[in-house]
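So the protein lines, in turn, are chains A and B. In terms of our numbering, the first sequence has 137 at position 137, counting the first letter as 1, and numbering is strictly consecutive. In terms of our numbering, the second sequence has 794 at position 794, counting the first letter as 1, and numbering is strictly consecutive.
Treat the hints loosely; a few may be bogus.
25 Å max Cα-Cα, derived DMTMM-like pairs, lysine to aspartate or glutamate [what the hints assert, rightly or not]:
no.: 1; chain 1: B; residue 1: K489; chain 2: A; residue 2: D84
no.: 2; chain 1: B; residue 1: K705; chain 2: B; residue 2: E802
no.: 3; chain 1: A; residue 1: K234; chain 2: A; residue 2: D84
no.: 4; chain 1: B; residue 1: K760; chain 2: A; residue 2: D74
no.: 5; chain 1: B; residue 1: K705; chain 2: B; residue 2: E744
no.: 6; chain 1: B; residue 1: K760; chain 2: A; residue 2: D101
no.: 7; chain 1: B; residue 1: K760; chain 2: A; residue 2: E92
no.: 8; chain 1: B; residue 1: K760; chain 2: A; residue 2: E157
no.: 9; chain 1: A; residue 1: K252; chain 2: A; residue 2: D40
no.: 10; chain 1: B; residue 1: K235; chain 2: B; residue 2: E108
no.: 11; chain 1: A; residue 1: K234; chain 2: B; residue 2: D840
A few chain A residues facing chain B, derived, Cβ under 8 Å [stated by the list, open to error]:
no.: 12; residue: L72
no.: 13; residue: D73
no.: 14; residue: F81
no.: 15; residue: Q97
no.: 16; residue: R100
no.: 17; residue: D101
no.: 18; residue: F105
no.: 19; residue: F107
no.: 20; residue: N111
no.: 21; residue: V113
no.: 22; residue: T115
no.: 23; residue: L124
no.: 24; residue: D127
no.: 25; residue: L128
no.: 26; residue: A129
no.: 27; residue: L147
Every beta carbon over 12 Å from chain A, so not counted as near; a handful from chain B, in silico [as the list claims (entries may be wrong)]:
no.: 28; residue: A20
no.: 29; residue: L268
no.: 30; residue: A677
no.: 31; residue: G820
To be clear, the hints were calculated from the coordinates, so they are not data collected in a lab. Cβ coordinates follow ideal geometry from the N, Cα and C atoms, glycine included.
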Amino acid sequence: MSLTETPNPPASAPPGPLAARAEGATKIYGSGDTEVRALDGVTCGFEKGRFTAIMGPSGSGKSTLMHCVAGLDDLTSGQVFVGDTALGELGERQLTQLRRDRIGFVFQAFNLVPTLTALENITLPVDLAGRKPDQEHLDEVVRAVGLANRLDHRPSELSGGQQQRVAVARALAARPEIIFADEPTGNLDSRAGAEILAFMRNAVRELGQTIVMVTHDPVAAAYSDRVLFLADGKIVDEMADPTADRVLDRLKQLGD
Amino acid sequence: MWRATLRSLGAHKSRLAMTALAIILGVGLMSGTLVLTDTVGRTFDDLVSDIYAETDAVIRSADSVDTGFGETLRAPLDEALVDELLTVGDVVAAEGFVQGFAQAVSVEGEAVGGGFAPTFGFGWITVEQLNPFVIVDGAPPSGPGEVVLDPSTAEEAGATVGDTITVLSSQEPAEFEVVGLARFGTIDRPGGASVLLFDLPVAQTLFDLEGQVSEIGVVAVDGMTQDDAVAAIGKVLPDGVEAITGEAKTAEDQQSFQQALGFINTFLLAFALVALFVGCFIIYNTFTIIVAQRSRELALLRAIGASRRQVLASLLGESVLVGLGASVIGALSGVGIALGLKAMLGGFGVELPTNGVVILPGSLLTAVLTGFVITVVVAVAPAVKASRVPPLAALRDVAIDRSSMSVARVVGGLLVIGLGALNLVAGLAAEGGNAAVGVGFGALCVFIGVAVLGPVIARPTTRLLAWPLPRLRGVTGNLARENAIRNPKRTASTAAALMIGVGLVGFITVTAASVQSSIDKILDDAVTGDLIISSGNFGMGGFSPELAAQVSEVDGVDAVSGFRFAFGSVDGQPAFVGSANVDVFEDIADPEVVEGDLRSLGVGEIAISTGKAEAHDLALGDTVEMSFASGVAPLTVGAIFENDIVAGDWLMDHSGIEAVEPGTVDLQVFVRFTDDADADEVVAVIEGLTASYANAELQDLTEYKESQSAMIDQLLNLIYALLLLAIVIALVGIANTLALSIHERTRELGLLRAVGMTRKQLTSTIRWESVVIAVYGTLLGLVIGTVFGWALVQALGSEGLEVFTLPVARLVLIVLIAAGAGVLASLLPAWRASRLDVLDAIQTE
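Next comes chain B alone, as it looks inside the complex (with noise of 0.2 Å):
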């Protein structure tokens, strides 16, 4: 029996072929995930390792806050204790570091990085056991007007040495000379920031950091073990500082990277998954197909002899044996996969340090073994079916299938429907990690009852959508709709594939439509200012306090607001504080202020929006205790508002958040002119004045939505280029059945090549039976995607998404894409098709 399995792998190997692509591609996309995030991983780790290998304690302060972005901050440390830190016997060097916010600007006058890559400035270290920099070019930064950069900066700047360049920073922009270049470890920067290096004193100055250092780094006498040297310095550090060893400080980076890392290692994975889910239908179909295909050569064995459950396990091992090396392939070749990845995350901003390629062989275990269990569970299903044909059911012809309308189908399919929709439902209204889980509960359910449904709905909507072709395309359109919707479980399935990658398509292009028209809403609604300076900085950096200083001088200005931005916490919960000049922010943009009095806002105190305050139940007069890097803050509710869009959740004056978080920069200013004055004429003293600031734009309110949905089609791009992966799959998956299908007509593809069916109508009736099939999935998917983003936006009404948006014009196209991609996927059945002997074909059992 064994040697009919392989014999009849043989003899299928064209049509195994194509299931075999979808689990490589499927499994190779998922290993290739793993590869990458392991090389990215141990790059970053040895880089870590490497840093501190030879400092022996750390010195910060105690209390931390965390960003939610795997990063904490700390308050800087008195530079005083450097000194007193060398007084101690076994300390044989000891210097301080510097890190804030400086960006380098180009010899053509662009801003190099921002956007979410950071944007770092450290001061030099002389102490070379503490460095992690090494100069590649030139000297090291010694003096005031000197910088050093990294190679990869110096070459967008367009510098090398010798040149000069500006920088902005929390100062006024200023020019420095570029005195040398130096990169971080092995590596030319760490994931994409640009890094700027100056002599410790002109760092402190750019970063607002006078006499203070962000944490200091001690090398003990030779032999001595870095717990005792903690212990050691322990004596002289005072209250609300700590030291840690160099190996706990390596640990301790390398963990809050692999957290960060495994973000990005699960969206990847979801992915991977979505891929292989998609697979999963090519498989079954395939299988399903070829057994159809096979009823009569198993009768045959049946009859001969052979056990159904010898004919169960030949059929088996066939999917056994497919599973296994296609997924052992793809597991492989995610070596490759995971350099595509790479290179692709790079192209979106995501730059991932990597030093060669680390092939871990759990990973692979990993990738081949979801492969292998996918595909032999998923031929479980036709397997037994197959094996239950009677040996009497040698003479059948497999001509039209119509046994698709079941009462248990419909009935069954409405169940699955109905339990995905209450877990999406319920995952809606949940909270974190069982949201995620509930939501994509439930939308795997949505896709497997309307998969399950699909033969029932497939025959009637395909005759409806196909309605058309007779009446264009005369004969050949006829037959293309009829081939189409003459096996309707095939075409179902065949389109549920399809239906799932365009299903997520359409679901993030609504949804992300909806965020886009609820933010302009927001925005049209609560921004009365004319004019927005924006740095296009997320993460850190942005303007000087200067810019909003000067701009409020200029004539024709009525009123000029900051806004900044510092990382605090409340109950252990990442807050993003923002700050603005609040005695005027109202008169600029509106977060309508329910409670209080925004423009009296002083030190001290805190507007919070109406959803914080329900959080954490807070009310007007309450205090807050608001962890900031600096310690603890008790902040006094001043002012509640509503809108929770314009200036996020909290919001302090300058005043407030400069006392607790010194240095902050203006990551955008608002400016609101005077009635009388010349637009035109404002922006161009305006513009003279940010000349110097390379990183500002400037943006009416137009043009400030722009931007935003010029962010949000940047992620939604990144998202559909790895929903790509799903829908070619899906691609192979329409070819696959086509080619399987177009197998078992020969005889009537001859008949019709004999009767005066021309190459050229061949080759048509195929390719519009594929546009057929590939429009009807995505409709399908197009419907669901579309329920799916009308459900977010009704759960998430409350939280400022409140405009559901039909983005009419991208669905036309997703459509359009799909026809012309049905088209694609009938290329090479077509032509196959129309290559096959006219009287071979006529001839064919």
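Okay, chain A solo, but in the shape it has when bound (with noise of 0.2 Å):
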């Protein structure tokens, strides 16, 4: 697997098992005059294997959208699933043990511990577990991101890029079903950025992992296989196989 490589949009895959759907998903922020409907009545399904990017304009609902089926916010009316399980009918527990085992995530910043090291942060979720790391897929991941020699340092002795590299390692070493990454290119310059998303998509190719993305940089999107177009808390529009100038067309229209 390697990380520079360039984008090379793949071919379209028929429409697969879910990860993760959501159904009438409304989320509903104050009442009266000042009530914002985040998300209105979404109902969209996450492949698994797929790389998927959730597009739009900031205030269309793409972030809660993420936030609600990732189980770190709850829906007003409608249904999240991740696999079988409905999110809604989970307790507080149950949904932070579906995180640590059946999620991981990737932020846009602030994504390590800094008091512990690259290691130590790619280990986390199994280590709140308290189960062992499969060492063999571990070693694997750490070859991936090419931080072998970089494990026993702490957050703040690395560059931005090998910070989201790390966290992108600890998403994929717990093996989730699922991870959700938001905006995870937003600090990073061009060639760094371009590197994670690389390394995305070849976890998706290679690994089979199911990635789903919030960006609103066309580029980073062109490394989806599709992606979901939101505007105003509704789904617009989705595109499979997208490239960065389509992309850019589209997001263009919907501005207007």
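The task is to assemble the complex, starting from two chains supplied on their own in separate frames and drawing on the hints.
Given below as structure tokens:
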């Protein structure tokens, strides 16, 4: 798996089984005059082993959708599923365990615990579960992100790109059913960003990982297999095998 | 800018609440102490002026001996003087007062009172103007076999009017009928003492004062000034007898009580100052953290044009408002704390009379000013530092501080510790007030020095200390350990606050254990007797010498010696003069005579310790002028002994003390059995003899040592209780630091929760972080306390404190309690952290 591979859109694949899905997901903040419908009856699915990007202008509800599907936020109405598990029926504790065991996260920034070494950060979810990490898989992930010689370093001793690679490695290490990435390259320069994106795409291709990424960057979205477009809390379009130009065009239409 | 200050206070009020709490507690204890002593002082002043309100003159022996406990003793007067005074034309009434030892026995057969509480017997005064007592039930005592009790003593004795109780005195125990109950002015009884009142001739017999009175009160004709009355009386007074006005007597009593109260005041204020000192660390820590967290906001203020001076003024303004507000609340809460202190001291046997609550503006103002000034002064350093924030620092991440190691810090810390150590050593070598100042200042310096060094030692020490955590608790343990040391400065100053309280606890614990084992060793070495009959009374009272006489008749008893006690003074210094049956004393206890012969000591002779021989430059055969209440007695030094623990510094024969201080009673009776005696049998016979002496306790050496250690423990517990506040403040500090740190780590906590840390795991992480800090501070304190204790033992080795004992079990217990307290301190911050909304936390700026 090479980290510097250039974007190369894959062939469109038929819809497969879903890793997670939303049904009539509605999220309302406030009430009365100040009511804001962040999600307005969204129904969508994220196929297993595919790289899905969620795009939309700010305030479109893309982050809210991700947070709700990832069990970080709850819906006003509707339901979200990870596998066959309906998140709305889970208690706080079960949701936490679901995030730990079945979901991986990559945030835009502040992804790592500053007091833990890179390796400790990578194995954090596994450690929290009190399990032994799968050493073979761990070695593979570490080698893939190219951090083998930086494992003892604390986050403050790593560059921004390296920190994000550690974050991706953490998300992969626990072999989650689905990884949610929230603007994972938002804080990186384009070269470091390209590395991360290529690495994520390869994780999908070669390890069969499922990844859902929220982004506003058409170049980033171009690494995905499929793009969902959100506007005003609704899914307004989707695009298979995106390229940066096509995504940009589509976004321009949405903006109008 | 002031608006910004107020806004900031409002925005950080929950963070400042804990600082305020630390100030409130310290100022509260201070104000409580002042309110309590004001109240007690006023109550006693009123009481005394009430008592002597109608007494125009008091006649007494001119010579006196100061007991060193705020009380003076005088020789009794001849009773005939009363009649003589009545012949003076201006005298309307005169009556003799008689005072001595009398102790009631409850209907269950237990001695009432005793220990540190005085057990007073008085003669009933029939002249109403002179009598401070008021009958509240029944009748005054009017003949043999009648006694009047104070209501509290009656209640403790389980007796009411008409019941019969046993009374202990310098005579054999005897039965008395309770004919009435009487109050002392407006209060039940003075200072926790028990009061028994008898008809005057009865009292004189009981106190060995036949034909004598302690003092005489005089009422003059109406319209005569007290000074004129004293002048008129003066003509009939024999040599060595003086008359003073009722007013002068009032002032004298008030002054001596205020002096005794002054000790309590100073003692309690010392703990208030410790609490405030601990509070300083909390104030410093909170302001430092808050200011650090606000550095971005402050930089913004600077960027938009606020001057450094304005930022500084704004920050100091905050400390002014918090300091003033908290100090006022603390001072006011002192009223309630005063009542709590009174109840607590009462629980330890120190009963203080109070009537209402006296609140003097001066006392409250002192407390407010102290708290206020401390807060502002301590806040200056963080404020100055914050005002130096450059305008461009607006985007700085406050994550891990590694700026703790600096040569200046190490050198500075070591210098301050060195200064402290020098003062400690000098203080230990000095005498009296200088010693206290030297030791106090030395200890203060050591604490500050260690606090300065804190950040340097915190990281390696806590890392070592928390070493097992990751192994025991996995990743939560690892996080707890890393968090506990991620900001060494913060950890150090948080732990330093706890270090002070625990340091003092450790010091007194080690010292008390060393005192205990030193006493044990000396007793083991010196006491060869088989049985000690102990009265459990320290101040006054004990057994009639009859008991010792009876015990000596028992078959199987080889030697018996009572041990008595009289107050004397040499060269103006109080001297506690013991007396024994010197002919057999050495068979029972060995004071290690080095010169002369103790056994042949007669009337007019005294044995002295080597320590006193040196201090007063006395040799065998020299004469020492010993002042007693009865006057100055020239005593010849007949023996010099080494061990001043078994018999004190001054020892006479009973015959010798009887000659100068008649009516003293045995505090203890030492008994040695014959070699072939059946100990159990002898003890049984002696138990029969002591049956009527309710205050007698039969102890072998082991039990005697245990009762001694019980006394030490009681004092220890009082000090523990008073230090508790300093420790509670330190725990508030830990909770506060945790809360502030957690606030700072909100995003990190959100991340941890997002990737699957359960609430329970998060709580556990914070709990262990707290435990690490608490145990670290405790260990630091115990090390310092142990070193202090060791130094004290070294310094006082020549004065009988020769064994250094490390009470390991107790110290381990302290560490465990500290760990538990750490858990307690983490409860609120951990709960709040676990309730954080995950999504909000991740998205926090």
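Outcome of the hint check:
1. A C-alpha spacing of about 50 Å is found between K489 (chain B) and D84 (chain A), which places the hinted pair above 25 Å, so the restraint is violated.
2. Proposed proximity of K705 (chain B) and E802 (chain B) is supported: the alpha carbons are some 17 Å apart, at most 25 Å.
3. For the proposed pair K234 (chain A) and D84 (chain A), the alpha carbon gap of about 23 Å is at most 25 Å, so the pair holds.
4. Restraint check for K760 (chain B) and D74 (chain A): satisfied, since their Cα atoms lie roughly 21 Å apart, inside the 25 Å limit.
5. Between K705 (chain B) and E744 (chain B), the direct Cα distance comes to roughly 55 Å. Violation of the 25 Å bound is thereby established for this hinted pair.
6. As the CA atoms of K760 (chain B) and D101 (chain A) are separated by approximately 16 Å, the hinted pair is consistent with the 25 Å bound.
7. Pair hint K760 (chain B) plus E92 (chain A) holds up; C-alpha atoms about 11 Å apart against a cutoff of 25 Å.
8. Proposed proximity of K760 (chain B) and E157 (chain A) is contradicted: the alpha carbons are some 30 Å apart, above 25 Å.
9. Distance check on the hinted pair: K252 (chain A) and D40 (chain A) sit about 22 Å apart at the alpha-carbon level, within 25 Å; holds.
10. As the CA atoms of K235 (chain B) and E108 (chain B) are separated by approximately 52 Å, the hinted pair breaks the 25 Å bound.
11. The straight-line distance between the Cα atoms of K234 (chain A) and D840 (chain B) is roughly 23 Å, inside the 25 Å bound, and the hint therefore holds.
12. Nearest Cβ of chain B to the Cβ of L72 (chain A): about 5 Å, under the 8 Å cut. The hint holds.
13. Given the 8 Å rule on beta carbons, the hint for D73 (chain A) holds: about 5 Å separates it from the nearest Cβ of chain B.
14. Taking 8 Å as the C-beta contact cut-off toward chain B, the hint placing F81 (chain A) at the interface is violated, the least distance being around 19 Å.
15. Hint status for Q97 (chain A): holds, given a least beta-carbon distance of 7 Å to chain B, under 8 Å.
16. The restraint placing R100 (chain A) at the interface with chain B holds, with a minimum CB-CB distance near 2 Å, inside the 8 Å limit.
17. For D101 (chain A), the shortest C-beta to C-beta distance to chain B is roughly 7 Å, which falls under 8 Å, so the interface hint holds.
18. With a least beta-carbon distance of about 6 Å to chain B, the hint placing F105 (chain A) at the interface is held under the 8 Å criterion.
19. Interface restraint check for F107 (chain A): the shortest CB-CB distance to chain B comes to about 7 Å, inside 8 Å, so the restraint holds.
20. With a cut of 8 Å, the hint placing N111 (chain A) at the interface with chain B holds, because the nearest CB-to-CB distance is about 7 Å.
21. The beta carbon of V113 (chain A) comes within 6 Å of a beta carbon in chain B, closer than 8 Å, and the hint placing it at the interface holds.
22. Because the closest C-beta pair between T115 (chain A) and chain B is about 3 Å apart, less than 8 Å, the hint holds.
23. Hint status for L124 (chain A) relative to chain B: holds, with the closest Cβ pair at about 6 Å, below 8 Å.
24. Against a cut-off of 8 Å between C-beta atoms, the interface hint on D127 (chain A) holds, since the closest Cβ of chain B lies about 4 Å away.
25. Hint status for L128 (chain A) relative to chain B: holds, with the closest Cβ pair at about 5 Å, below 8 Å.
26. Of the supplied interface hints, the one on A129 (chain A) holds, with its beta-carbon coming within about 7 Å of a beta-carbon of chain B, less than 8 Å.
27. At a threshold of 8 Å, the smallest CB-CB gap from L147 (chain A) to chain B is about 18 Å, leaving the interface hint violated.
28. Consistency note on A20 (chain B): stated as away from chain A, and its beta-carbon is indeed over 12 Å from all of that chain's, at 31 Å minimum.
29. A cut-off of 12 Å between C-beta atoms confirms that L268 (chain B) is not in contact with chain A; the least separation is 44 Å.
30. Non-interface status of A677 (chain B) relative to chain A is upheld: no Cβ of that chain comes within 12 Å, the nearest being about 70 Å off.
31. G820 (chain B), annotated as away from the interface, keeps every beta carbon of chain A farther than 12 Å; the closest lies near 25 Å.
Against the hints set out earlier in the document, violations occur for numbers 1, 5, 8, 10, 14 and 27.
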